[in-house]
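A.B. asks: Chain residues, written in single-letter form:
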Amino acid sequence: MTNHWKDIKNADVVLVMGANPAENHPCGFKWALEARDENGAKLITIDPRYTRTSAVADKHLQIRPGSDIAILGGLIRHMLANDLHHADYVRAHTNGSFIVSGDFGFEDGLFSGFDEAASRYDKTSWNYEMGPDGFVRRDMTLEHPRCAFQLLKKHYERYTPAMVAQIAGCSEEKFLEMADIICSTGRAHRVGTIMYAVGWTMHTVGSQMIRTGAIVQLLLGNIGRPGGGINALRGHANVQGATDHAIVAGILPGYLRVPTPEQATLRDHLEASTPKPLVEDTVNYWGNYPKFLVSQLKAWFGDNATAANEFGYQYLGKQDGDATWLSIWDEAHKGRLEGFVTLGFNPLLAGPDVPRLLQSMSKLKWMAVIDPFLLDSAEFWRAPGMDPAEVDTEVMYMPTTHWIERDGSFTNSGRWAQWKEKAIDPPEGVQSDTWLLSELFWRVKELYQQEGGAYNEPIQNLTWNYLNPREPTLTELAKEINGYDRSTGRLLDSFGQLTADGATSSGNWIYAGSYTEAGNMMARRGTEDPTGLGMHHDWTWSWPLNRRVLYNRASADAEGQPWDQTRAGIAWNGREWIGDVPDYGRTTPPDGAGAFIMTEEGVARLFSSHLADGPLSEHYEPVESPTTNALHESVPVNPVINWYDGVRETLATEGDDFPYACTVYRVVEHEHFVTHNVPLLVEAMPDFFVEIPEGLAAEKGIENGGRARVWSKRGEVEGVAIVTKRIKPLLVNGKTVWTVGIPVHWGFVGVTRGAMANLLTPYIGDANTRCPEFKAFLVNVERAEPQST
Amino acid sequence: MSRRTFLKASVAGGVGISALGFDLRPAYAAVRQLKIRNAREYKTVCPYCAVGCGTIAYVHGSGGLNTTNTIIHVEGDSDSPINGGTLCPKGASQMQLAISPRLRKSPMYREAGSSEWREVDWDFAMEWFARKFKESRDNTFIEQDAQGRTVNRTNGIAWVGSATVANEDAYLITKTMRAMGLTYIDHQARI
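From first to last, the protein sequence lines stand for chains A and B.
In terms of the working numbering, the first sequence is residues 665 to 1453.
In terms of the working numbering, the second sequence is residues 2 to 192.
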């Protein structure tokens, strides 16, 4: 989230799209209801289903799964055609004025620079035009035909209300009614927020859906403001923190980059990772990258990290190509992955194309499963349809503690790192994750000392200076994450104190300030709220530097005065910034630098060369779509997604009989799969079900409460049929499209058992993140027996 | 005035036979203490979604040597600015997750081709884990790639998870696995 949960109460308009917070984030969603009840805010849902959130919304727009960019592109066109955007904000705080290369173009669904053989873009033509001073040329009138603002306007001109309706299957009138409400926040005294979740990320164009949402918010002047922002709701207690601390392919803690083979030396890596300013007046905060990385290496390798050995740079494995989920299991499918470790996770139920995943798991030599509960994944060798005798994978299941048996911090989606107390001891025989990890580390280290083996200098040199090296405390680790001045041994207050010469250490620079000499900031419990905006600066701690709204410099105009005095993020009083912790030097005057301190442009990017699939977004169909691409039939799907070997054969093609769109979702009674173990919740929501629209059910002879079978080209599921009014048939490209809904919560281990939704889903991912396309695919449906129970 | 305070007030006033015409003393005797009365409070955070609702776990037990503490109740923390004491159905029933009889207490091992688990002790489990880890690392470690570039990595082992562990453990996982040379590292955020 750019903002945080309680901040949603400050909004005038709440757009919920690609999310269903009333169901999946009920206690956070109450701040949207507070906005509605106290501010008279309008609440809008745009979703393939009429959800529990829709049930309390002012407006609901039903769309076809995967058509979100068409809707958002239509919003952009609507606001620009009618001057509903926040022009002063766009001029002051975005790259709308930046001139783009004359070689840039877009034709028939392809941006300039497309390399068909490699299925990728050469992005040179997406760059800015540079002036003689070495900085980007700008036109502050935003009228230059090649300025980002004009290119954007031209690009989305095709997204007319008629086109939106044709692609998404909604009515033009309803779209326009909703568009007017959302665009009403383009005025300085109004502000709107977007709440989204995996309904956006889980598409082959997922990153671009989110980016288009961000463009909408920038054009309306809603980023950086209380009550505004673009807010990812997120699904697990510490999914934000685990991402910050980089249990993630391609990044190191604090969003630093994993080295690549061409970066032979530390110097190469720092040069490639440290952006150069593109304009004169930018803070370009990532310019401090060397301080963050060197301090991290000092936290990891201590005295063994010196200038002479590049601070241990060569100890880090250099990643070649993609290393995300789909690539990991592709490697296993090819028989090249030997071992798989999973901790606090149920991969078999979570990944797409379960039949393929089972094949991949069976090819592993060994698997270690670490979790408080015995999971489906640990028992994959006896999943339905599997013959254990055929599976040679050794499996070790190890029970570890869960959240209430340990202290430590969880970071919520609003970036608040909240320390929790340990309530009880674990049962006899159960170990902590910290113990297990330490034990693995020491045993592997000792084996190398005894036997030698592959390059193990980094293992021998890894800092493990904890009081009990076989089980560090989480307090010790929290301090290591925060970081020290190595000469005095004092904890740091801020990442502003970090240096690139090895004098400081910090395990994760964005958490610097979370555990200082003044104590554990994450454990604070002050409830005061002097801002009146729900910021609560004394309640726990949020990264970075306890800032509650990211990019808050943009909550004020060029002179530093809040766009809306009643909801001021920060304000310049002539000497310093007051309000939230400023996203800017506290005493830097308003004209000191651009508001977006993390970009080399100093402003936010309406047009960006950072994504793989375009500097602007474009509507592409899901890889399995019930229709053609109405914008460009010759380029129906995202042209730069990666096709793993054998995947094309697992997708529905013309001539196959999979006429219905399908999407997957969660219900309030379950949290993915772990709630299989909670009798009260199983009682409340006992069975797997299939949600089928009334008209389709009638056509197929399926009764409410009867049974239905749903199958894709990859697998099939069967369950209780819920015949629903919540999904209406849509007219898409002149053809009626039905959508079927499937909940994701069931497996074959637990108090409740039922079909695995991911038997159906396709093995294909987003062009940037490779997040799989769970949310839009094709199925067929039929009546199953018995119909009444 | 709630029923309980009414009853207390009536009795405290020394009224044996109240104005209602019947004796309230037996009813007063039946007023029970809250079950959390002697419990210790621990401030924690809900384990489910990423809203981060504050919760309070109430624990019975002295905390002394050879005693077992038990959670007797979990409720929303009314001080939390996020949830203000509210919890959803999952959060409200989290005690059943916290002290579930389904929680396992011993490592288990499944041999190649076997259709059964076998309970093993931690020493066996960790010896197996470290041995497998080192074997696969040694088998697959690449110091230099085909172009002769130093890469110092293994693609033979993957580590996945988790979005359910504390920040401090998440950090330790990354630190340790990067030092081991893994690049196949991912978690729930991807899927």
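No lab work stands behind these hints, which were simulated from the structure alone.
Here a beta-carbon is modelled for each residue, glycine too, at the ideal position from N, C-alpha and C.
Errors might be hidden in some of the hints.
[To be verified] In silico lysine to aspartate or glutamate, DMTMM-like type, Cα no more than 25 Å apart, as pairs:
#1 K106(B) <-> D1193(A)
#2 K44(B) <-> E1058(A)
#3 K106(B) <-> E1058(A)
[Unchecked claim] To list a few chain A residues with every Cβ distance to chain B over 10 Å, as calculated:
#4 P796
#5 T970
#6 D1056
#7 G1238
A.B. asks: A separate judgement is required for each hint: does it hold in the structure or not?
C.D. replies: For each hint, the structure was consulted:
no.	hint	verdict
1	K106(B) <-> D1193(A)	violated (44 Å)
2	K44(B) <-> E1058(A)	violated (40 Å)
3	K106(B) <-> E1058(A)	holds (20 Å)
4	P796	holds (38 Å)
5	T970	holds (17 Å)
6	D1056	violated (4 Å)
7	G1238	holds (31 Å)
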